[in-house]
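Participant: Counting from 13, one number per residue, gives the positions in the sequence shown under my numbering.
Hints in this document: simulated from the structure, not taken from any laboratory.
Errors might be hidden in some of the hints.
Pairs of lysine-lysine, DSS-like flavour, derived with a Cα cap of 30 angstroms [said to hold, decoys possible]:
hint	residue 1	residue 2
1	Lys96	Lys22
2	Lys39	Lys22
3	Lys96	Lys39
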Amino acid sequence: METITYTVRKGNTLFGIANFFGTTVDKILSVNNITDPNMIYVGQTISVPVDTETSGFIYVTRPGDTLWSIAQRFGTTVEDIAKKNGMCNPNMIYPGTRLYI
Numbered sequence: 013m014e015t016i017t018y019t020v021r022k023g024n025t026l027f028g029i030a031n032f033f034g035t036t037v038d039k040i041l042s043v044n045n046i047t048d049p050n051m052i053y054v055g056q057t058i059s060v061p062v063d064t065e066t067s068g069f070i071y072v073t074r075p076g077d078t079l080w081s082i083a084q085r086f087g088t089t090v091e092d093i094a095k096k097n098g099m100c101n102p103n104m105i106y107p108g109t110r111l112y113i
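Please model the complete structure; the sequences and the hints are all you need to start from.
Facilitator: Encoded structure:
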């Protein structure tokens, strides 16, 4: 099982993060040595275990995202993301775009 780095945003909970990435709160707690699941804060960087072999997920782009930065964050390539999403022009993404990773 691999991990990705995720920066906590306003409104995030560990349950929501775990659900989004297809993992469990217990796994996130374990990987990050977090003792209180209610004590995460905006801007905190956590490691999230993901099974890149068997699961994919949807990422919603944010202002400033590029396919390159998204690929780096999730340990994949621009080409792979573009192919999975049928993108003709990988330079054209907009905030709010749903991408299969």
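Participant: Please list, smallest to largest, the hint numbers that this structure does not respect.
Facilitator: Result: no hint breaks.
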